[in-house]
Amino acid sequence: MFPDRVRPGRGTRPVHVHRGDELGTTHYLTSEYLRTLRTGDSDFGRTGGLLAERSGTDDEIVFHALFGNARLVDREVLELLDSAQRTPMSLDALRERMESDVLRDLFATQFLVPEGHDEQSDIDDLLRTRAELLPKGNLLSVLQLVLTNACNFTCDGCFAYNFDGAQRERVEQGESVKAGPVLLQIRKRQDSAFGAGDWNRGTSPGRNPSMHMSPSVAEHTVRQAVRTRAESGQNELSIAFFGGEPTLNRKTILHVLDTFGSECDGVRLSYRMTTNGSRMDDELIAALARHQVGVSVSVDYLDPETGEYRGGQQQKTPWPVVRSAIESLRAAGIPLKVASVLSSSTWRHWGHHLIDELARIGVDELDVTVAFQARQFFAEHQPSEVAQRLLAAYDYGQSVGVQLTGYWYHTYLMIVDEAKWAAQADYKTCPAIGRKLSIEPNGSVFACKATNRSLGTVDDWSGVFTSSAYRDYGMRAYRNGPACSGCELQGTCSGGSTGALEEENGSIHEMSPGYCAYIRQVVHGLLLRHRNLALAG
Amino acid sequence: MAKSTKLSKPAPTYSPDHCAVPSKVAAQITPSRPTCPLATADKRR
Chain U
1 MFPDRVRPGR GTRPVHVHRG DELGTTHYLT SEYLRTLRTG DSDFGRTGGL
51 LAERSGTDDE IVFHALFGNA RLVDREVLEL LDSAQRTPMS LDALRERMES
101 DVLRDLFATQ FLVPEGHDEQ SDIDDLLRTR AELLPKGNLL SVLQLVLTNA
151 CNFTCDGCFA YNFDGAQRER VEQGESVKAG PVLLQIRKRQ DSAFGAGDWN
201 RGTSPGRNPS MHMSPSVAEH TVRQAVRTRA ESGQNELSIA FFGGEPTLNR
251 KTILHVLDTF GSECDGVRLS YRMTTNGSRM DDELIAALAR HQVGVSVSVD
301 YLDPETGEYR GGQQQKTPWP VVRSAIESLR AAGIPLKVAS VLSSSTWRHW
351 GHHLIDELAR IGVDELDVTV AFQARQFFAE HQPSEVAQRL LAAYDYGQSV
401 GVQLTGYWYH TYLMIVDEAK WAAQADYKTC PAIGRKLSIE PNGSVFACKA
451 TNRSLGTVDD WSGVFTSSAY RDYGMRAYRN GPACSGCELQ GTCSGGSTGA
501 LEEENGSIHE MSPGYCAYIR QVVHGLLLRH RNLALAG
Chain Y
538 MAKSTKLSKP APTYSPDHCA VPSKVAAQIT PSRPTCPLAT ADKRR
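Quick note, the sequences are listed as chains U and Y, same order. Take 1 as the starting number for the first sequence in the working numbering and just add one per residue. Take 538 as the starting number for the second sequence in the working numbering and just add one per residue.
Be aware that one or more of the hints could be misleading.
[Stated by the list, open to error] One-sided and incomplete, this derived list gives chain U residues near chain Y with beta-carbon spacing under 7 Å:
{"hint": "1", "residue": "D74"}
{"hint": "2", "residue": "E76"}
{"hint": "3", "residue": "V77"}
{"hint": "4", "residue": "L78"}
{"hint": "5", "residue": "S100"}
{"hint": "6", "residue": "V102"}
{"hint": "7", "residue": "R128"}
{"hint": "8", "residue": "A131"}
{"hint": "9", "residue": "E132"}
{"hint": "10", "residue": "A359"}
{"hint": "11", "residue": "R360"}
{"hint": "12", "residue": "I361"}
{"hint": "13", "residue": "Y396"}
{"hint": "14", "residue": "D426"}
{"hint": "15", "residue": "M475"}
{"hint": "16", "residue": "G481"}
None of these hints come from the bench; they were simulated from the model. Note that the structure is a prediction, hence the values are computed from the model and not measured. Yeah, the Cβ is synthetic: ideal placement off N, Cα and C, and Gly gets one too.
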């Protein structure tokens, strides 16, 4: 059933009115997507949280599996929702059971819906609109500039090299895909055009036959993205400096910052960078501070006995160098967080020592990505073991003033924070589904550094948005795949990284069951903590 | 009196997810809000 008519409402969300409401004949049911915290059901390998399976507490968190909207409700409301799940109720019958203020909220959250209405039809409407908007570039919101594919570290499980799915092709093209040899090539060239002249115009739509993105490629790309944003009637664009290790190409970083600053053609620009933190100096830090570039420093763990801090520990840079960089970035007032990965290669070391060190330095956020290679990781470690370890670290972080975040945390936030849900309902936690473009040093375009289907090149900018690959990624919005049907997190979880799913399962629509079990348990744990805090307060 | 309480946002501040994007897009990305049937019913009276 579709809304009979739509009219503008508050904010960006129009309001729909059911004809039956106007006639007073509609009966209402509890939404089939209503979920509650699990009680007595600890099998997170399957979907759960159905109202009918609940038992126990007087006050409980309920939420909408598609739309979030978490509420803490008491027994009386729970009983009403339980009744209305089994038997449709008229408005008069509902009014006899419940105060108007509460009923209004139950309708606003779509915990109560008109009989016969399936909220999935709202998503169908949005996807139809999306199919028209994608080819125009209207959804582009962030540009990821892969400034180089070189890195001075060689970490196990590196994001950049494990997910492009094209290593063989790159090797066949004569490219070194591991950092050591690439760095050797760069060093040979340092006396000449270091970082310049790498523009391989039209040579390949694939990954990076060149190593560094030239300033001209970066400038050309940003100008086109700004124009796309402006033509879409939007005034914001986020630019992410990525790699490899982006500071190996500081020339292009500085060129972009100096050329565009905080605004271009009426579009406000915001910047961020992901770095290993080993190559910071005063000039770079000053530029980052001037332009308020949000910096994410990748540190996997800290072993106080050996000083190791990255997966595989094949880099020679000692931890105090990175720590000093973090301290300098913080002192310069740069928005800063540390990003770590909990995976097979970091499992043995990951945890409290790093959190303690961040607390000492004064870094208040640690982003934790849980294993890109989910099938392998969750074959080695039970999902519940991973979830409990993460939740224990989360609690420890809370006790020392370090907020642990990650995909898992943002899924939880989307459930409890309506504004956050509204801002990212389509991409949830992974913007590779049409909201982001990732530009390789040679100007080839992908949905993300982690995805492997080419979308074209910056030479044919409009062609990127009309490509079938961009459409395929972009139309995976809202719904990940058939396995998500019935899941309590279907409207708030992306199933992890889109690129990781593509790499591991061969399809962005196929989820990794171990990942699903782990994230359901973690989000349940966070909601449980939230409920207990709310009741205690 | 029955209670349905909106949850407070978690207290600690946090930066956007490293994958987060600017919140505004030209497209409508969220479903329409349902009109409260109570308001419609009151109007009818």
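Violations among the numbered hints, reported as their numbers in ascending order: Hints 4, 7, 8, 9, 10, 11, 12, 13, 15 and 16 contradicted; others consistent.
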